[in-house]
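Novice: If you read the protein sequences in the order shown, they are chains Y and G.
If you're matching positions, the first sequence starts at 1 in our numbering and goes up one per residue.
If you're matching positions, the second sequence starts at 1 in our numbering and goes up one per residue.
Hints are not guaranteed to be accurate.
[Claimed, not checked] Computed Cβ-Cβ distance ranges for the label pairs, DEER-style:
| hint | chain 1 | residue 1 | chain 2 | residue 2 | range |
| --- | --- | --- | --- | --- | --- |
| 1 | G | GLY249 | Y | ASN210 | 41 to 47 Å |
| 2 | G | GLN215 | Y | VAL173 | 53 to 59 Å |
| 3 | G | GLY200 | Y | LEU296 | 46 to 52 Å |
[Stated by the list, open to error] Just so you have them, the derived chain Y footprint on chain G, three or more residues with Cβ under 8 Å:
| hint | segment |
| --- | --- |
| 4 | 90-99 |
| 5 | 106-120 |
| 6 | 123-137 |
| 7 | 176-185 |
[Stated by the list, open to error] Partial pick of chain Y residues on the chain G-facing surface, computed with a CB cut under 10 Å:
| hint | residue |
| --- | --- |
| 8 | VAL176 |
| 9 | ILE178 |
| 10 | PHE300 |
Hints in this document: simulated from the structure, not taken from any laboratory.
Glycine included, every Cβ here is placed at the ideal spot set by N, Cα and C.
Letter by letter, the chains look like this.
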Amino acid sequence: MDFMRPAGALGKYLPVKAVVALGFMLALSIARFNLLDNYIQLVLMLIGINLILTLSLNLVNGYMGEFSVGHAGFMAAGAYVSSILSVRVLASYSPVWVFPCAVLAGGLAAGVVGLAVAVPSFKTRGDYLAIVTLAFSMIVKSVIENIDAVGGPRGFLGMDKLTTLPWVFFWTVAAVWIIRNFIYSRFGRGVLSVREDEIAADLTGVNTRNVKMLAFVVSSFFAGIAGGLYAHLIQYISPGVFDIVKSTEMLVMVYLGGVGSIAGSMIGAATYTVLLEALRPLGIWRMAVMPLLLILLMIFRPKGIMGYREARWLSPSFGRGTGKDK
Amino acid sequence: MTAPGNLKLPPQAGGGAALELKDVTHHFGGLRALSGVNFAVAPGELAGIIGPNGAGKTTVFNLITGVYKPSIGKIIFHGREITGMRSSNITELGIARTFQNIRLFKELTVLDNVRAAHYARMKVNPLEALFHSGRHRSEEKRVTEESRDLLERFGLGGSAGEISKNLPYGSQRRLEILRAAATNPSLILLDEPAAGMHPGEVEQLMSFILELKKQFSLTVLLIEHQMRLVMGMCSHIVVLDFGMVIADGGPQQVRSDAGVMKAYMGSAK
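Kindly generate the complete structure, drawing on both the sequences and the hints.
Specialist: What follows is the structure, given as structure tokens:
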């Protein structure tokens with residue numbers, strides 16, 4: 001990508017690993033010494049969480065070309081499972097261990113739920129996934145509303161504020177790295193070939209059903225991770241948080257930044273999160289901005305800012321000397 | 001490709017033919033697209049299917065590759081019944097194909113189109129892929145080298161990095177054939193490979209197919225309308241009309257067949 005050349009040249013002197021280590025140190029010290037205003041820290045953490053969500057949805061909608069509109073359901077699964085674990089089950093243990101375990105368990109639970117959704121919906125070919133995921137997110141919402149043990153419609157609280165900037169940074173880097181690895185692998189090419197032409201993919205030996213399930217499980221796992229982080233940041237979750245509006249937010253971030261692009265997901269998540277904060281003075285009207293943005297995007301830039309393009313430093317061959325795509 | 005010869009499926013005892021269709025009948029709702037089709041293709045043969053539009057030629061391909069399951073009948077590949085198997089499994093067994101209207105992975109690069117075809121033969125599990133393990137890296141390296149080599153040998157080496165939809169038409173046709181070859185098949189099905197090509201290009205395509213056939217020791221079955229290509233290349237021709245085999249034999253035999261004349265010209269005289 002030509003317009004990414006300057007970043008590429010910079011990358012020769014600044015290996016990605018060093019930048020990540022530096023970023024982690026920065027995140028640690030910001031959190032430790034309160035170098036930044038608490039509000040700014042909150043916004044940074046929201047950007048990270050939103051980035052994980054955007055990547056997660058982009059894997060299904062952008063790379064695989066299916067259309068999920070119910071990712072808030074997986075986020076809810078992760079948020080509730082991790083919160084219940086940290087408040088009820090693991091409360092007596094040291095938070096140093098509780099938090100990563102709870103978040104990971106939330107992600108795994110969401111992955112299992114994702115598998116349960118994927119098995120029936122991928123039996124058929126075509127656009128049924130949108131309807132299935134929409135129905136699924138409604139089911140999740142009503143199920144939680146009707147379980148009194150987790151607060152029903154009143155919501156669930158009692159989580160300590162365990163989500164910190166270094167943790168968000170860690171999970172965000174993990175999400176970027178793992179999803180990038182997935183894309184640049186045997187299975188990633190399978191996912192892309194499904195998007196391009198599912199019948200041709202099958203007839204070139206790609207087991208399309210397995211590939212789609214795998215992508216969906218990875219995607220819901222990270223939505224669950226984001227849910228766990230979110231729950232321990234805001235310290236309050238309710239079924240209303242994970243409704244269709246949340247799923248729509250994720251769609252806006254994906255289609256703003258660019259379908260099928262990790263760099264695009266970064267741009268989308270950061271732009272959208274900051275925009276939403278900047279528009280706070282508008283009050284409830286800022287929520288009108290979101291659908292409006294989606295409509296304008298669909299008309300003028302249907303693939304988003306970075307649609308199908310990627311920053312060079314995200315390619316596995318970057319920094320290995322050869323310019324060839326390995 | 002290190003070993004072009006297919007090692008997965010040794011010709012099984014008793015199974016002489018590479019591909020055999022036995023009484024294959026297929027209905028689309030009330031429409032009978034094929035009725036009682038029987039023919040066999042010998043290993044190493046270059047066979048052709050011809051017939052007027054709507055005769056059921058592409059349906060034959062779709063049945064062989066598992067896109068449709070035949071209503072009645074059996075399809076046998078090297079002595080093994082493949083009727084009703086999943087398409088990706090049939091491809092894995094060694095049958096690859098191209099399409100009448102090119103179906104490349106348009107937004108992917110030329111190289112990735114070919115690399116995607118290695119899916120079934122890559123020994124990488126999901127965890128190794130998610131964490132880019134050593135085995136993932138060595139498999140990627142192998143597949144990339146093999147794919148580049150294939151493109152190089154068949155004249156597309158220069159455009160490996162290009163987005164495949166940007167290739168000229170003729171190259172897209174060739175890339176689709178190479179993608180099929182990259183699945184390491186023993187039988188390749190070509191659906192109108194010369195469609196939309198002018199005579200000079202057809203000539204090139206013919207030698208391209210013959211070279212590919214030789215290098216990969218392939219059995220080839222193709223559908224074609226260009227008589228020059230079919231009569232010039234195929235040693236065995238199956239003629240379909242209204243879903244039935246009306247002639248089956250060598251080019252000379254088919255050319256002089258009264259039924260074929262009737263199907264193409266409307267009358268025997």
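Novice: Min Cβ distance, ILE178(Y) to chain G: is it shorter than 10 Å?
Specialist: This interface hint holds because 5 Å falls under the 10 Å limit.
Novice: A range of 53 to 59 Å was offered for this pair. Does it hold for the Cβ distance of GLN215(G) and VAL173(Y)?
Specialist: Taking Cβ atoms as reference, GLN215(G) and VAL173(Y) lie about 45 Å apart, which means the hint is violated.
Novice: With a C-beta cutoff of 8 Å, work out whether three or more residues of the segment 123-137 of chain G approach chain Y closely enough for the coverage to hold.
Specialist: Answer holds; 7 residues pass the 8 Å Cβ test.
Novice: Closer than 8 Å Cβ to Cβ for three or more residues is the test here. Does the segment 176-185 of chain G pass it with chain Y?
Specialist: Check passed, 4 qualifying residues.
Novice: How does the coverage statement for the segment 106-120 of chain G fare against chain Y, requiring three or more residues with Cβ below 8 Å from a Cβ of that chain?
Specialist: With 12 residues in contact (Cβ-Cβ under 8 Å with chain Y), the coverage given for the segment 106-120 of chain G holds.
Novice: Using the beta carbons of GLY249(G) and ASN210(Y), state whether their distance is inside 41 to 47 Å or not.
Specialist: Taking Cβ atoms as reference, GLY249(G) and ASN210(Y) lie about 43 Å apart, which means the hint holds.
Novice: Do at least three Cβ atoms from the segment 90-99 of chain G come closer than 8 Å to Cβ atoms of chain Y?
Specialist: Satisfied; 5 residues make the cut.
Novice: Does PHE300(Y) pass the interface check with chain G, least Cβ-Cβ distance below 10 Å?
Specialist: Since chain G brings no Cβ nearer than about 20 Å to PHE300(Y), farther than 10 Å, the hint is violated.
Novice: Minimum Cβ distance from VAL176(Y) to chain G below 10 Å?
Specialist: violated, 13 Å
Novice: Can the suggested window of 46 to 52 Å be confirmed for the beta-carbon pair GLY200(G) and LEU296(Y)?
Specialist: At 49 Å between Cβs, range holds.
Of the numbered hints given earlier, the model fails hints 2, 8 and 10; all others are met.
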